[in-house]
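Using the numbering used here, you'd call the opening residue of the sequence shown number 9 and step up by one each time.
Worth flagging that the hints you see were computed from the coordinates, not collected in a lab.
Don't take each hint at face value.
[Stated by the list, open to error] Restraint ranges, calculated between C-beta atoms of paired labels, are given here: (1) Leu163 with Pro61: 32 to 42 Å; (2) Leu163 with Pro79: 24 to 34 Å; (3) Pro101 with Lys146: 23 to 33 Å; (4) Arg200 with Gln156: 35 to 45 Å; (5) Arg186 with Arg206: 41 to 51 Å; (6) Gly51 with Arg176: 14 to 24 Å; (7) Arg69 with Asp235: 27 to 37 Å; (8) Asp87 with Lys146: 47 to 57 Å.
[To be verified] Below, a list of computed lysine to any residue pairs in the SDA-like style, where the Cα atoms sit at most 25 Å apart: (9) Lys216 with Glu128; (10) Lys216 with Glu187; (11) Lys216 with Gly86; (12) Lys146 with Ala165; (13) Lys216 with Thr153; (14) Lys146 with Asp222; (15) Lys146 with Ile215; (16) Lys146 with Ala196; (17) Lys146 with Glu128; (18) Lys146 with Ala102; (19) Lys146 with Thr219; (20) Lys216 with Thr192; (21) Lys216 with Ala228; (22) Lys216 with Asp193; (23) Lys216 with Glu103; (24) Lys146 with Gly132; (25) Lys216 with Val127; (26) Lys146 with Leu31; (27) Lys146 with Val207; (28) Lys146 with Val127; (29) Lys216 with Arg233; (30) Lys146 with Ala24; (31) Lys216 with Gln90; (32) Lys146 with Ser18; (33) Lys216 with Leu229; (34) Lys216 with Pro61; (35) Lys216 with Val82; (36) Lys216 with Arg20; (37) Lys216 with Val141; (38) Lys216 with Thr84; (39) Lys216 with Asp235; (40) Lys216 with Asp151.
In this text, a Cβ means the ideal position worked out from N, Cα and C, and glycines have one as well.
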Amino acid sequence: MHVLIAAAGSGRRMGADRNKVLLPLAGRPVLGWTLRAVASAGGLRWLGVVGQPSDRDAIERCLGEADLPCPAVVVTGGDTRQESVRRGLEALPAEARSVLIHDAARCLVEPGLLERCQVEVDAGRAVVAATPVTDTIKQVDGDGTVVQTPDRERLWAAQTPQGFPLDRLREAHAIASREGWSVTDDAALFERLGWPVRVMASPRSNIKLTTPDDLCIAEALLRRRDDAGDPPETGAPLTPAG
């Protein structure tokens, strides 16, 4: 398993003065929880974290504290998530044949989800973790007027990890760069090229931390796991934040 963690974002929507994945959460940085979860996945052979130069020291500290079973590197990110992932792909070791890409802000990811995605990728398939949509979704026009209601039975909310055969993903990024395409996740590149992507059912706890409320939810979920005696998913027992 070769894993690339996207951590080159900011704290803008979080209202923070730093990268949100470096904010404290139940005694360690958000990124620290993500790394501990990934480190618990079976078969991890390499890990790369894509971040901004200003965050390199903090990311390296997180890596040093994560007790990883494999080599790990920090890769300098770009101006967009798409560019950051492309740079991360260039850093993968020569023996890599596939890659799982995961958002650092999804610190509650379960190791088993990473393992299930890797099984799909090992079979030559692209896969995206996702959860079925439960709300009724409305599509609106530019004036905010509802134009249609999609059938939610066919709607899934995309998450990460997302897994791909490495040669195909590199090809997709090369085409996107040449054609000037801009997408918000890697699965969208495959979709645009007409290449199949399967969904892998993901727990609803695999949330992405975006707002201050998300931090509160994440801490509550981490404490519930700790109370249930389920530390393998997240690492050491919790300590108070701050």
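To see whether the hints hold, each was checked on the structure:
no.	hint	verdict
1	Leu163 with Pro61: 32 to 42 Å	holds, 38 Å
2	Leu163 with Pro79: 24 to 34 Å	violated, 39 Å
3	Pro101 with Lys146: 23 to 33 Å	violated, 46 Å
4	Arg200 with Gln156: 35 to 45 Å	violated, 22 Å
5	Arg186 with Arg206: 41 to 51 Å	violated, 26 Å
6	Gly51 with Arg176: 14 to 24 Å	holds, 21 Å
7	Arg69 with Asp235: 27 to 37 Å	holds, 28 Å
8	Asp87 with Lys146: 47 to 57 Å	violated, 32 Å
9	Lys216 with Glu128	holds, 23 Å
10	Lys216 with Glu187	violated, 30 Å
11	Lys216 with Gly86	holds, 20 Å
12	Lys146 with Ala165	holds, 14 Å
13	Lys216 with Thr153	violated, 28 Å
14	Lys146 with Asp222	holds, 24 Å
15	Lys146 with Ile215	holds, 22 Å
16	Lys146 with Ala196	holds, 21 Å
17	Lys146 with Glu128	violated, 32 Å
18	Lys146 with Ala102	violated, 45 Å
19	Lys146 with Thr219	holds, 23 Å
20	Lys216 with Thr192	holds, 14 Å
21	Lys216 with Ala228	holds, 14 Å
22	Lys216 with Asp193	holds, 14 Å
23	Lys216 with Glu103	violated, 31 Å
24	Lys146 with Gly132	violated, 35 Å
25	Lys216 with Val127	holds, 23 Å
26	Lys146 with Leu31	violated, 34 Å
27	Lys146 with Val207	holds, 22 Å
28	Lys146 with Val127	violated, 35 Å
29	Lys216 with Arg233	holds, 17 Å
30	Lys146 with Ala24	violated, 31 Å
31	Lys216 with Gln90	holds, 17 Å
32	Lys146 with Ser18	violated, 29 Å
33	Lys216 with Leu229	holds, 13 Å
34	Lys216 with Pro61	holds, 23 Å
35	Lys216 with Val82	holds, 21 Å
36	Lys216 with Arg20	holds, 14 Å
37	Lys216 with Val141	holds, 15 Å
38	Lys216 with Thr84	holds, 22 Å
39	Lys216 with Asp235	holds, 22 Å
40	Lys216 with Asp151	violated, 29 Å
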